[in-house]
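Its first residue numbered 1, the sequence shown is counted upward by one per residue in the UniProt record's numbering.
Hints are computed from structural coordinates only; laboratory data are not their basis.
Worth double-checking, as some hints may not be accurate.
[Claimed, not checked] Per label pair, the in silico range of CB-to-CB distance: (1) D95 / D47: 29 to 39 angstroms; (2) E51 / F30: 29 to 39 angstroms; (3) D17 / D95: 27 to 37 angstroms; (4) H55 / H14: 33 to 43 angstroms.
Bear in mind that the values here come from a model prediction, so they are computed numbers and not experimental data.
Idealized CB from N, CA, C, for every residue including glycine.
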Amino acid sequence: MDDEDDYRGPATLHAEDREIAVEVVLRGHFQPIDGRFHWYGRVAAHDEVAELAAHRATSVLLRTPGGEARGTLSDPDPWGRYRITGTGRPPFPTDLTDHATA
């Protein structure tokens with residue numbers, strides 16, 4: 001990715017006693033209105049992720065080589081990629097998280 005605050009690469013989803021190796025594309029920004037860092041992105045299509053999420057909001061722990069964070073899986077797109085969102089410190093390194101609160 002061109003932006004140093006983005007992450008594209010391997011990750012692991014942890015939820016319901018499961019650990020699923022996935023590929024993700026993540027972005028984030030500091031939101032001055034609520035004073036928090038908001039991160040978001042997509043998890044590549046994966047049968048186990050679809051089974052876990054089952055078209056409903058699902059709380060997960062997302063780990064990348066740069067960190068980990070709690071997030072929510074929701075809204076699959078037409079290609080089967082689930083949206084993931086979170087607030088606070090993201091699961092990837094960024095200078096913008098100096099402002100983040102958990």
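In this structure, is the beta-carbon distance linking D95 and D47 contained in 29 to 39 angstroms?
The hinted range 29 to 39 angstroms holds for D95 and D47, with Cβ atoms some 36 angstroms apart.
Using the C-beta atoms of E51 and F30, is the stated range 29 to 39 angstroms upheld?
For E51 and F30 the Cβ distance comes to about 34 angstroms; the hint holds.
Look at the Cβ atoms of H55 and H14 and judge whether their distance stays inside 33 to 43 angstroms.
violated (20 angstroms)
Does the Cβ-Cβ separation between D17 and D95 fall within 27 to 37 angstroms?
Given about 35 angstroms between the Cβ atoms, the range holds.
Comparing the model with each earlier hint shows a violation of hint 4 alone; every other hint is respected.
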